[in-house]
Structures are given as C-alpha cells and as structure tokens.
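Hints in hand, dock the two standalone chains.
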Amino acid sequence: QQQVKQSPQSLIVQKGGISIINCAYENTAFDYFPWYQQFPGKGPALLIAIRPDVSEKKEGRFTISFNKSAKQFSLHIMDSQPGDSATYFCAAPGVSGGYQKVTFGTGTKLQVIP
Amino acid sequence: NAGVTQTPKFRVLKTGQSMTLLCAQDMNHEYMYWYRQDPGMGLRLIHYSVGEGTTAKGEVPDGYNVSRLKKQNFLLGLESAAPSQTSVYFCASSYSLHSSYNEQFFGPGTRLTVL
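Those protein sequence lines, which keep their order, are chains A and B. Per this note's numbering, the very first residue in the first sequence carries number 1; after that it's consecutive. Per this note's numbering, the very first residue in the second sequence carries number 1; after that it's consecutive.
Next comes chain B alone, as it looks inside the complex (with noise of 0.2 Å):
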C-alpha cells in the first residue's frame, strides 16, 4: 500500500515550457486535491476532483489544468510554465462527501522551479 505518490519530485522549467505532475492513489479514494505550498501562504487548492471525469477550480486555478481520467490518477498541467509558478505541489486525496472524518492523505510532494 503506496498510499499517495508523486511523479516527479523535482523540476526545473523554463518560462513558457509545459508540464504535466502525475498524483496516483491506491486507496479508492474518490476526492482528489492539488495544492500548491509557499512560504507563508500555507497550503492553497489549485483544482480537485470528486470522482473520475469530474474536476473543479479551487482557490488558485489560474495557468493550471487538471484530468481525471482513471480514478486512481489526478494530472496537474502547465501549459506555458511562469515563474510566479515555482512553489512545491502537493496532491492529497480522501474518501467521499459522507465521511465526518475527512482525512486528506497527502503525497511527497514535487519541487518546481521555473526560471
């Protein structure tokens, strides 16, 4: 049981170079978040999904795009990478609308630069 795993852990992109930050889960879990992490601005929500096929904007969805195509895996995209983009990327996931306890579990984590 891997839990939550990222792909990469480090990047390094020019301006305007694209990129895709693969998340996979191996709990069933049907809700799926990507945060972004910077100093002082604590953990904010770029996009989520709350099953296969389905995605939403969070709080910080600009220049991002996400898919769900298989339940396990939540893409992040960048398509013309900024370096207002550089930050560390999270993906978390957790189990449905109906539990009260909604533990998120979160992955390692990717570095992103981009210069």
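In isolation and in its complexed conformation, chain A is listed as follows (with noise of 0.2 Å):
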C-alpha cells in the first residue's frame, strides 16, 4: 500500500506570503504527482500536476517542486490569497492488483488572513 505523508496538517498565511506544503511518498512505478484544491462544501480538483523528468512546474502562482532521490515533492503558493484559502492534497500513483491508483495525503487546511 502506497504511503504519502503531508505536511503541515493546517497553515495560516499573510495575504501576500508564501504558502509551502510538503508531501514524501515511497515506491512508485508511475510518472505523475498530482496536487489536488477542495473547497468547503466541494469535491477536489485537480490544481497543478508534475512529471518526475523535471524538477518544478509553475503554473501562475502555483509551483511544484520535485526531488526525486529524497521521493518528495511540495506545492509553493506564492503571493497567497484569501481566495486561496482550501484544503490541498499532494498523492501519488501506485499500483494495486495490476491495476493504477493513487493514494492521497491526509490534507493541508490552508487559511489566508488579509
């Protein structure tokens, strides 16, 4: 069974600063870690996703950072918002009776203060 560990449980943020989440996984025989956004009362959605071939994606504000040897990976939120505010979740694919899942972190609750 696929492992991910994440990291704060819960982060307070200046409007403006820097949000970091952290996530470490173990085995994988996959290519692609997902960080997933749910607001309260939704279902997650798929924010930002990374390739293990590079060592960061950055789409507008949000950036993954990837090292690969140390098998971790973390969600910066630069220049946080209160409309940022959510829960994240990093997860990583696995394979369970030949067939593809992924295994999600327990959840950072993110609040952005103005």
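A few of these clues could be false.
Stated by the list, open to error - Computed far set for chain B versus chain A, every beta-carbon distance over 12 Å: (1) L13; (2) V50; (3) D62; (4) L69; (5) T113.
As the list claims (entries may be wrong) - Here are the computed distance ranges between Cβ atoms for each label pair: (6) A/Q3 with B/G63: 19 to 29 Å; (7) B/M41 with A/P82: 19 to 29 Å; (8) B/G77 with A/A70: 39 to 49 Å; (9) B/G53 with A/I12: 45 to 55 Å.
Keep in mind the hints are simulated off the structure, nothing from the lab. All residues carry an ideal CB built from backbone N, CA and C; glycine is no exception.
Below, the structure is given as structure tokens:
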C-alpha cells in the first residue's frame, strides 16, 4: 500500500505571503504527482501536476518542486490570496492488483488572512 | 456536460438501515472510484472500478458494496449502516490506465450521518 505523508496539517498565512506544503511518498512505478484543491462543500479538483523528469513546474502563482531522489515534492503558493483558502491534497500513484490507483495525502487546510 | 454527479447530497440514517449512493459520469471514463473523507484522514479509497462489470476493493472496503452495471454509473451500498460510516463520500472518475496524466474528476459529495 502506497503511503503518502503530507505536512503541515494546517497552515495560516498572511495575504501576500508564501504557502508551502510538503509531501513524501514511498515507491512508485508511475510518473505523475498531482495536487488537488478542495473548497468547503465541494469535491477536490486538480490544481497542478508534475512528472518527475522535471524538478519544477510552475503555473501562475502555484509551483511544484520535485525531488525524486528524496521521494519528496512540495507545493508553493506565491503571493497567497484569501481566495486560496482551501484544503490541499497531494497524491502519488501506485499499483494494486495490476491496476493503477492514486493514494492521497491527509490534506493541508490553508487559511490566508487579509 | 455535467461531469460527475452524486445522489443524494445529504442523508441521515439510523444504525442498521441500508442505502445506496449513486454516482454518474458523462465523460465516458473507464475508471470510477468511491472515497470517504474524514477529518484528519484525507481521502480514503473504498472501492473502485476499472470498467463496466469490474470492481475491486480499496483501502477501507468493509461494510460497503459496489456495482458497475453500466459504464456511466457506479453505485455504493451500505447494507447495515453503522455510526462509524458517518462521513462525506466522494465519487470520482478518470481516463484509462494508459494515460500518463490520470486526472480524477470528483463529484460534489454526499454527506452521510448515521445515528
């Protein structure tokens, strides 16, 4: 069973600051590491994903940094805004019974205060 | 294009009662999943399906059953509800195994309370 350890569990950041969420994973045979964003009362939605043939991927204010040798990847939110307040999940793919599945981290609740 | 829809949105059950949660997707996805979300525990996979007529157990399958009689529908059943099954349930779907970017599309969730 793929284990994914996510930290911190909660995070409070001032508007304009940088939010950083970290994840560590175990072995994987696939090359896809997504981050999902979930607003209260909604289902999670894909925010950004990275393939480990690159060490960093940036989309607007959101950046994933990937360290394959350390089996770690992190989400950086630059210039954090109150609208970024949500729960963030990292995920790592794995194989069970011959089929691909994704194991999610336990989530980080981000609050951006004005 | 409605994406992934779930029925019902809310439900309250008494211990021992049964119910079925319905998930439907209109994206012609092969894979479908049922998760439960509990505070501090993230999303845990209950059961999943890799195609019509095929289902498999996930991380926390006990107390649940599933069926995928049609490609677009994935049903989650609770035969005898227990208070430990109080949770928010999410259905998701994704493209086939052979896609490198296997994005999962989630429904809006069903909040279930078992008294």
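Exercise for the section: Mind checking the hinted window 39 to 49 Å against the Cβ distance between B/G77 and A/A70? Expected result: Distance hint for B/G77, A/A70 holds at roughly 42 Å.
Handout entry: A/P82 and B/M41 - C-beta distance against the hinted 19 to 29 Å
Key = 26 Å, holds
Handout entry: Minimum Cβ distance from B/D62 to chain A greater than 12 Å, as the annotation requires
Key = 15 Å, holds
Practice task
Using the Cβ atoms, figure out if A/Q3 sits within 19 to 29 Å of B/G63.
Solution key: 23 Å, holds
Problem - 12 Å Cβ clearance of B/L69 from chain A - result: Answer for B/L69: holds, closest chain A Cβ roughly 19 Å.
Practice task
Determine whether the Cβ-Cβ distance between B/G53 and A/I12 falls within the hinted range of 45 to 55 Å.
Solution key: 47 Å, holds
Practice task
Quick one: work out the minimum CB distance from B/V50 to chain A and report holds if it exceeds 12 Å, violated otherwise.
Solution key: 5 Å, violated
Problem - Assertion that B/T113 lies farther than 12 Å from chain A (Cβ) - result: 15 Å, holds
Practice task
Evaluate the condition: distance from the CB of B/L13 to the nearest CB of chain A exceeds 12 Å.
Solution key: 21 Å, holds
Violation of the numbered hints given earlier is confined to hint 2; every other hint is satisfied by the structure.
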